[in-house]
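Peer 1: Chains S and U are the protein sequences, given in the same order. If you count by this note's numbering, then the first sequence holds residues 4 to 251, one letter each, in order. If you count by this note's numbering, then the second sequence holds residues 631 to 883, one letter each, in order.
Worth flagging that the hints you see were computed from the coordinates, not collected in a lab. For every residue, glycine included, the Cβ atom is placed at its ideal position computed from N, Cα and C. Among the hints, a few may not be true.
Said to hold, decoys possible - For lysine-lysine, the following DSS-like pairs were computed, each having C-alpha atoms within a straight-line distance of at most 27 Å:
#1 K771/U / K795/U
#2 K147/S / K876/U
#3 K687/U / K121/S
#4 K58/S / K31/S
#5 K151/S / K121/S
#6 K121/S / K147/S
#7 K795/U / K58/S
#8 K876/U / K771/U
#9 K687/U / K151/S
#10 K795/U / K121/S
Stated by the list, open to error - Computed Cβ-Cβ distance ranges for the label pairs, DEER-style:
#11 L741/U / H26/S: 44 to 54 Å
#12 F878/U / S65/S: 54 to 64 Å
#13 A137/S / L741/U: 17 to 27 Å
#14 R68/S / V641/U: 45 to 55 Å
#15 V722/U / R219/S: 27 to 37 Å
What follows is each chain in one-letter form.
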Amino acid sequence: MIQAENKDIALRAEGVWFAYRDHDWILKNISLSLPEGKVTIVMGPSGTGKTTLLKVLAGILSPQRGNVVVLNQLIETHTQRSLCSAIGYIPQQLGLVRNLTAMENVLMGALGRCGHGKVLLGLFPRQEVEQAQAALDLMGIGHKGSEKVFRLSGGERQRVAIARTLLQRPRVVLADEFVSDLDMALALEILGRIRQAAAQEQITFVMSMHRVGLVREFGEHVLTLTHGQVMPGFPTQGPQEQSSAEVS
Amino acid sequence: MRTNLFVTALVALLLGVVLGELGFFDGARLMRGVRNLGILTSEMFPPDANVLPVAGKALWETVQMSFAGTMLGFLISFPLSVLGTRRLFSPVVSSLARLAAAGIRTVPVLLWAIIFVILVGLGPLAGTFGIAAYTVGYLAKIYADLFEGTDPEVMEAVQSTGASKLHLVRFVYLPEGANAILTQLLFMLEYNIRASSILGFVGAGGLGFVMQVYLQTLEYRRLATVLLLILMVVLAMDGLSAWLRKHFLMAPS
């Protein structure tokens, strides 16, 4: 088991095995502990199961064997809804609804604590709207709230996705390669905002990433996933020997 | 490559055999048909404008039936399609919803009209219900398939916020599917206008009754007026569809 240096563990996986098809294991006996309030980066070549690992940690996929414990709660014993405020998930393509505005997308982060009455008519409590605006402001796109998502640039969409997750008030955020399509400067800026949010709100960020330059800059805690297993630190050949753009 | 050629040849052969059985290669019969077409066309012109008040009133009834029937069908089909979405409901629930839609769809709209004439009597109300029933069967399937095709990443991201099924329908399925939902609804409305113009044949109101009378009394010039009116409505529907798509659909699908 890979133990984090920090005593406060936000997320722990114990002997996790996962396969989409019978015994074709993508994750093999994965055990890891992730420190609270830090940015952990999971590295590894494409196709090694980084997305699968994040989905299992987020409770979207159930492992065939083993447990995932988030903030001392066993994931299997809770429904997704009861965990909602604790775990945020940002998929690789961000999972935004293109036909809705940036503000509406951010407000979706509050759905877990909103009922069905006025919300189904698109009317969210004022407090939530104010917080959504604050989240957009924090991401530097407060003026883009009324823009439809399909009109936003790639970088703006990333910020909307993070703002949505922040409104969810999570303790753990799992983000899958979500800055991989951005240029270096923009990726650095967005990761900077994430680090700021992680420190301010004591949020634990777990991100999969294959751009070594970014990982060196931001990874407080780096794990590498290869052949279905996690190892601490960078891939064995070392980041200096790889292209700064891609590992795979 | 060889397999493609073989399949193409096989389909061509099958088509030839079927067309032959249907009388497609009976030259004398086809020539007779062309001559009759000439006679029929000459008897239809010029269209008789004197029937415009009668035909116009019947046309308005047809449009009313189509509009009310389509919207009623849409309102019923929407929840049925949500129930038929396998991502949201168990296989038992979604299969039952899809089976219901398939059952409704199996019955042609003309037969639905006859059933409702029996149930609620002659007139446009029967036609409206008939159109609504057929619309439910068609749209429920189309929309359920559409919802199932929604990007799984969007579903996962929104689901992980703790959104309920109702939230997902309102904030993911509806906006993500808006283009297709509206396009299919407009198509259905246009289809129903054409379909409902013959529902009068079975006493379910609208233009069909007028058409039937003119056909039986061989008043083809009057029939031509009715057909031109239907053409105008279908063209107007096309224009309306284009306008709605332009103004209400934004994200490229």
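Peer 1: Could you run down the list of hints and mark each one as holding or not?
Peer 2: Hint-by-hint comparison with the structure:
Distance hint between K771/U and K795/U is fulfilled; the C-alpha atoms sit about 19 Å from each other, no more than 27 Å. For a cut-off of 27 Å, the pair hint linking K147/S to K876/U stands: about 24 Å separates their Cα positions. The suggested pairing of K687/U with K121/S is violated, with an alpha-carbon distance near 43 Å, which exceeds 27 Å. At roughly 15 Å between alpha-carbon atoms, K58/S and K31/S fall within 27 Å of each other, so this suggested pair holds.
Distance restraint check for K151/S and K121/S: the Cα-Cα separation of roughly 21 Å lies within the 27 Å cut-off, and the hinted pair is therefore satisfied. Pair hint K121/S plus K147/S holds up; C-alpha atoms about 24 Å apart against a cutoff of 27 Å. Only pairs whose Cα atoms come within 27 Å are accepted, and K795/U paired with K58/S is accepted, the gap being roughly 20 Å. Between K876/U and K771/U the alpha-carbon distance is near 26 Å, which keeps this suggested pair within the 27 Å criterion.
For the hint pairing K687/U with K151/S, the CA-to-CA distance comes to about 44 Å; that exceeds 27 Å, so the pair is violated. A distance of roughly 16 Å separates the Cα atoms of K795/U and K121/S; the hinted pair therefore holds under the 27 Å criterion. Checked against the hint of 44 to 54 Å, the pair L741/U and H26/S passes, with Cβ atoms roughly 52 Å apart. With their beta carbons about 40 Å apart, F878/U and S65/S fall outside the hinted range of 54 to 64 Å.
One distance hint, 17 to 27 Å for the beta-carbon pair A137/S and L741/U, is violated here, with the actual separation near 59 Å. The hint said 45 to 55 Å for the Cβ distance between R68/S and V641/U, and at roughly 51 Å that hint holds. The hint said 27 to 37 Å for the Cβ distance between V722/U and R219/S, and at roughly 52 Å that hint is violated.
Violated hints for the displayed structure, listed by number in ascending order: 3, 9, 12, 13, 15.
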